[in-house]
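Asks: Starting from the known structure of chain A, arrange chain B on it as the hints suggest.
Protein chains in written order, with our numbering: chain A, 1 to 547; chain B, 1 to 547.
Careful: at least some of the hints might be erroneous.
One copy or two, either will do: identical chains are not told apart, so a pair holds if it fits within one copy or between any two.
Straight-line Cα separation of at most 27 Å, DSS-like style, residue types lysine-lysine; simulated pairs [stated by the list, open to error]:
#1 K312 - K542
#2 K354 - K376
#3 K524 - K45
#4 K307 - K542
#5 K22 - K37
#6 K258 - K349
#7 K167 - K524
#8 K312 - K258
Keep in mind that the hints were calculated from the coordinates and are not lab data.
Protein chains: 2
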Amino acid sequence: MTRNWESQAQKGRDILNNSIPKQWLLPVDRLPPVSQKSVVDFPRKSGLLSERELIITDMSATALVTEMGNGKLSAEEVMVAFLKRAVLGHQLLNFATEFMTDEAIARAKEHDEYYRRTGKLVGPLHGIPISVKEHISMKNRTCNTGYVAWVDKVTTEDALLLQLLSKAGAIFHVRTNQPQSLMHLCCSNNITGTTLNPLNRTLSPGGSSGGEGASMGFRCAPLGIGSDIGGSIRCPAAFCGAYGFRPSSLRNPVTGLKVAASGQETIRGVVGPMASRSIEDLELFQRAVLEQEPWDIETSLMPVTWKSADPKRDMTVAIMWDDGCVRPHPPVTRALRHAKEKLVAAGVKVVDWKPYKHQHGWEVIRALYYPDAGSKQRELLAESGEPARPLTDWALSYGQSMPLSHPEAWALHDQRDIYRDEYHALINSRGVDFILSPTYPAAAAVMGESQYWNYTAIWNLVDLPSVVFPSGITVDPKVDVLSEEDRKYVPRDEVDEREWRKYQDPERYEGASVGLQIAGRRFKDEETLAAAKAVEEIVREKRHSKI
Amino acid sequence: MTRNWESQAQKGRDILNNSIPKQWLLPVDRLPPVSQKSVVDFPRKSGLLSERELIITDMSATALVTEMGNGKLSAEEVMVAFLKRAVLGHQLLNFATEFMTDEAIARAKEHDEYYRRTGKLVGPLHGIPISVKEHISMKNRTCNTGYVAWVDKVTTEDALLLQLLSKAGAIFHVRTNQPQSLMHLCCSNNITGTTLNPLNRTLSPGGSSGGEGASMGFRCAPLGIGSDIGGSIRCPAAFCGAYGFRPSSLRNPVTGLKVAASGQETIRGVVGPMASRSIEDLELFQRAVLEQEPWDIETSLMPVTWKSADPKRDMTVAIMWDDGCVRPHPPVTRALRHAKEKLVAAGVKVVDWKPYKHQHGWEVIRALYYPDAGSKQRELLAESGEPARPLTDWALSYGQSMPLSHPEAWALHDQRDIYRDEYHALINSRGVDFILSPTYPAAAAVMGESQYWNYTAIWNLVDLPSVVFPSGITVDPKVDVLSEEDRKYVPRDEVDEREWRKYQDPERYEGASVGLQIAGRRFKDEETLAAAKAVEEIVREKRHSKI
Numbered sequence: 001m002t003r004n005w006e007s008q009a010q011k012g013r014d015i016l017n018n019s020i021p022k023q024w025l026l027p028v029d030r031l032p033p034v035s036q037k038s039v040v041d042f043p044r045k046s047g048l049l050s051e052r053e054l055i056i057t058d059m060s061a062t063a064l065v066t067e068m069g070n071g072k073l074s075a076e077e078v079m080v081a082f083l084k085r086a087v088l089g090h091q092l093l094n095f096a097t098e099f100m101t102d103e104a105i106a107r108a109k110e111h112d113e114y115y116r117r118t119g120k121l122v123g124p125l126h127g128i129p130i131s132v133k134e135h136i137s138m139k140n141r142t143c144n145t146g147y148v149a150w151v152d153k154v155t156t157e158d159a160l161l162l163q164l165l166s167k168a169g170a171i172f173h174v175r176t177n178q179p180q181s182l183m184h185l186c187c188s189n190n191i192t193g194t195t196l197n198p199l200n201r202t203l204s205p206g207g208s209s210g211g212e213g214a215s216m217g218f219r220c221a222p223l224g225i226g227s228d229i230g231g232s233i234r235c236p237a238a239f240c241g242a243y244g245f246r247p248s249s250l251r252n253p254v255t256g257l258k259v260a261a262s263g264q265e266t267i268r269g270v271v272g273p274m275a276s277r278s279i280e281d282l283e284l285f286q287r288a289v290l291e292q293e294p295w296d297i298e299t300s301l302m303p304v305t306w307k308s309a310d311p312k313r314d315m316t317v318a319i320m321w322d323d324g325c326v327r328p329h330p331p332v333t334r335a336l337r338h339a340k341e342k343l344v345a346a347g348v349k350v351v352d353w354k355p356y357k358h359q360h361g362w363e364v365i366r367a368l369y370y371p372d373a374g375s376k377q378r379e380l381l382a383e384s385g386e387p388a389r390p391l392t393d394w395a396l397s398y399g400q401s402m403p404l405s406h407p408e409a410w411a412l413h414d415q416r417d418i419y420r421d422e423y424h425a426l427i428n429s430r431g432v433d434f435i436l437s438p439t440y441p442a443a444a445a446v447m448g449e450s451q452y453w454n455y456t457a458i459w460n461l462v463d464l465p466s467v468v469f470p471s472g473i474t475v476d477p478k479v480d481v482l483s484e485e486d487r488k489y490v491p492r493d494e495v496d497e498r499e500w501r502k503y504q505d506p507e508r509y510e511g512a513s514v515g516l517q518i519a520g521r522r523f524k525d526e527e528t529l530a531a532a533k534a535v536e537e538i539v540r541e542k543r544h545s546k547i
Numbered sequence: 001m002t003r004n005w006e007s008q009a010q011k012g013r014d015i016l017n018n019s020i021p022k023q024w025l026l027p028v029d030r031l032p033p034v035s036q037k038s039v040v041d042f043p044r045k046s047g048l049l050s051e052r053e054l055i056i057t058d059m060s061a062t063a064l065v066t067e068m069g070n071g072k073l074s075a076e077e078v079m080v081a082f083l084k085r086a087v088l089g090h091q092l093l094n095f096a097t098e099f100m101t102d103e104a105i106a107r108a109k110e111h112d113e114y115y116r117r118t119g120k121l122v123g124p125l126h127g128i129p130i131s132v133k134e135h136i137s138m139k140n141r142t143c144n145t146g147y148v149a150w151v152d153k154v155t156t157e158d159a160l161l162l163q164l165l166s167k168a169g170a171i172f173h174v175r176t177n178q179p180q181s182l183m184h185l186c187c188s189n190n191i192t193g194t195t196l197n198p199l200n201r202t203l204s205p206g207g208s209s210g211g212e213g214a215s216m217g218f219r220c221a222p223l224g225i226g227s228d229i230g231g232s233i234r235c236p237a238a239f240c241g242a243y244g245f246r247p248s249s250l251r252n253p254v255t256g257l258k259v260a261a262s263g264q265e266t267i268r269g270v271v272g273p274m275a276s277r278s279i280e281d282l283e284l285f286q287r288a289v290l291e292q293e294p295w296d297i298e299t300s301l302m303p304v305t306w307k308s309a310d311p312k313r314d315m316t317v318a319i320m321w322d323d324g325c326v327r328p329h330p331p332v333t334r335a336l337r338h339a340k341e342k343l344v345a346a347g348v349k350v351v352d353w354k355p356y357k358h359q360h361g362w363e364v365i366r367a368l369y370y371p372d373a374g375s376k377q378r379e380l381l382a383e384s385g386e387p388a389r390p391l392t393d394w395a396l397s398y399g400q401s402m403p404l405s406h407p408e409a410w411a412l413h414d415q416r417d418i419y420r421d422e423y424h425a426l427i428n429s430r431g432v433d434f435i436l437s438p439t440y441p442a443a444a445a446v447m448g449e450s451q452y453w454n455y456t457a458i459w460n461l462v463d464l465p466s467v468v469f470p471s472g473i474t475v476d477p478k479v480d481v482l483s484e485e486d487r488k489y490v491p492r493d494e495v496d497e498r499e500w501r502k503y504q505d506p507e508r509y510e511g512a513s514v515g516l517q518i519a520g521r522r523f524k525d526e527e528t529l530a531a532a533k534a535v536e537e538i539v540r541e542k543r544h545s546k547i
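In isolation and in its complexed conformation, chain A is listed as follows (with noise of 0.2 Å):
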């Protein structure tokens, strides 16, 4: 059994080697050592990227198109230029899953061709590469969702998004890397491994999105893909200093999203966009795909189509501090100090968010992710053998350990309903525009600690669009010690407590970025990422810039 599920992984592994342009590999002695944490600084030092492709990757999507648009570059040189790095990305971080390399640039040289016949862009994300985590299915290629039991599974038809996508412009140059059972906020699987951090390699990169988080944390592409059912987009986003929108659901097109309890919808995973340089960036991607009007092939979503945003000059910001239950670590504290200090200067209206009953929202989704008790999720481990990875396990355990009746997972939809509508009634009735929040109660989770979901689960259960961006803040072991107030703390309990001392030696956290997270009301998606746009500007007092 153990040597046929090993034989089984090894062939998604093989299909992984075996797509990795090779003339773009450096020797291993050409590498940092496995102790460097950091390797964000390496694409300059490798001497494998030009001058102009470190520019080239360094850029937006909408900066590159617009230099597209206007003959300063070419779709084959920014594909080549992002393939690099992608590839040195994967030495560092094992983010990819299977490179397509002739593909993408065929495709590149395609656009380029059309562009110099018609003096025109083949769509608004024109040449622009996209990675894509691996559960999103491409036709003629195998989708594994980090089961081994699915590893030779080849699919037949391109995910509905990508489609969509790819008329848009877009090329999909690699496919990134996610947990066993996609329900880790961390990335690890029995076939391709685990995924680091770019930003300190001993932090997970964050999941289920994790391979989306180094590929943005890298730049490794302008544009990703994720998808999340409890912060799996956002969450990767944060741990590694890029961006994250997870959309409504019912908003962006899930059809070919491979998942283990198809047709689960007590709760609705989303798929949305990651960005490597800008909340612009992820609106550009939203835009793409609503103007295409999928409603009229996924008949469940909503048909609504995509409308531009102007922040609100007079937006009424509410900060949560803490959610109530778990107190977050002193930087991510420190990350929205300095963004209320910025907004209130910037004469932005701010206010306190008190929580509202997280404790029980919890216990609502966590019910709710697994009704079945899992079943799908174990008997996919069961069909190959494979062990289950210890996060697998834990997010196993959120769920009860028999199945609920349909009756009992009705009253559960209830409750879910009556929260979601409470809550958006509440933020109504406080006259609060966003909630501005951290993503999580650390920087980015120690490996394999990546425990607390709920900063980011609370908003799937009240299914608020909410953004993530970096705070310009970075952990630092020295300003981010543990005050005389800190070392007092009584946590609430043992959930608390767990969270807490995991931040008694700050050095762990060491250069790690601090994400914060900015959920809209209700079905305001546009609303909430023009307000995010103007939230990091005033934050990071944050300049474009162009090539």
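Replies: Chain B in isolation, oriented as in the chain A frame:
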């Protein structure tokens, strides 16, 4: 035990009987004999209503609002006229579960006072009497949903839909009957008994919104509210010669609709308007509700405002003559032929609709009605000890005998979504805008024989907006004889045979109205109502009358 459920049931009858405004009851000897089938002409003959009241109760909601707006009618006289007609209707048809006479008149007086003071109407439904299916909660009133077990359960809040309608000026004057379990296309329960069809009292009024069907057919209100998970708005509208609209799901708010399987969302029940006089009134209702943006309160709803729609000049209407499973009776086919002739003569493009796997669709939806094998319904019957009505047993027999596992139910969710996407793609690829079809194999079911659901249930599964309107054709046993070809018809299977044999004696259906059904494309609620209005005007050469 028997005594106990009967005394409980008596409580429900007491609520009804105590609520009837006795001043308008006719002595039994002035009522038509029980053997008289049609009672639609009786209001004029009864002597209870004045000529003016007869005119008022013959008007559409749209016309009534206009006349109240220019001061020609008062809300009070409108309310009194419909209350009188409703009391008469109840004596003849047993359609009510509770009258709210004093409250309704008091509220009408408030509206009149408001109008006198301001010269303005309260809202777009100013003073419109609306009858309401009983399971739609009303504050401080019982809500039994047809179950003896719930006969004295008082609710503390109005259903959200009622709150919105009330804000728009509507007034609720009578609550209406429904079958035990809500899952009959008929209307009988162990509390308030069986409702009759005003066109022919040996026929069923349809169901489950059968009290509403009778209310509309007898014009006890210009507008009513039904709910529909398999045809429960559309069948009673068709059977009673009235109008009904099944909106897309997640459009109208369902908070406060009391059902046995609360939280079940495998197939979503919807709530929608019925009307006695016109499609225009259905649109009036929808607009009044949706312009209040109910998704800001019930956050599961789609945030889609109600748009004005004009019928497309060049629309293509496809006629589904037969669903491939059960052959419609001759009068239904005659109504479709008549409609086709008129449409073609008016220059509308008419094609035939080849149904797409309706038997498969039925297998999916019937399994999804009861993933729990009907445990909640059975529990409620057991709770009081009341016996199951024959059609309750019938409906429960559609489900599986054992609960589905969650993964089995999820596989059916996928099948549902795939079928819906495929059906929608087919409508698009065939270039069809609307599908005109029977509502039911017969013009109406003989009492107790409402057994075949799938002319309506199929659109619940595909989730298409659908409108029922009277074709203008009523069953004439002299005209609607079985043709030579009909006599030779060899039914496809037992179900087809069962339904076909019901027409061996056409006399049974004498005077029944044939209601036709128009389904529109996914999410095109506004366009479907607009098209249905145009189609009805063409088919019936209809002109609107004013007071």
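Asks: Using 27 Å as the alpha-carbon threshold, which applies to K167 and K524: within, between, both, or neither?
Replies: both (26 Å within a copy, 26 Å between copies)
Asks: Under a CA distance limit of 27 Å, which applies to K354 and K376: within one copy, between copies, both, or neither?
Replies: neither (37 Å within a copy, 38 Å between copies)
Asks: Under a CA distance limit of 27 Å, which applies to K307 and K542: within one copy, between copies, both, or neither?
Replies: Within one copy, since 24 Å is at most 27 Å while 41 Å is not.
Asks: Go through the copies and call it for K312 and K258: within, between, both or neither, with a Cα cutoff of 27 Å.
Replies: neither (38 Å within a copy, 40 Å between copies)
Asks: Could you figure out if K312 and K542 sit no more than 27 Å apart (CA to CA) within one copy, between two copies, both or neither?
Replies: within (19 Å within a copy, 50 Å between copies)
Asks: Pop the pair K22 and K37 into one bin, within, between, both or neither, using alpha-carbon distances up to 27 Å.
Replies: Answer is within; shortest intra-copy Cα gap is 25 Å, inter-copy 87 Å.
Asks: Under a CA distance limit of 27 Å, which applies to K524 and K45: within one copy, between copies, both, or neither?
Replies: Intra 43 Å, inter 58 Å, cutoff 27 Å: neither.
Asks: When no copy is specified for K258 and K349, does a C-alpha distance of 27 Å or less occur within a copy, between copies, both, or neither?
Replies: neither (43 Å within a copy, 42 Å between copies)
Checked against the numbered hints listed earlier, the structure breaks hints 2, 3, 6, 8; every other hint is satisfied.
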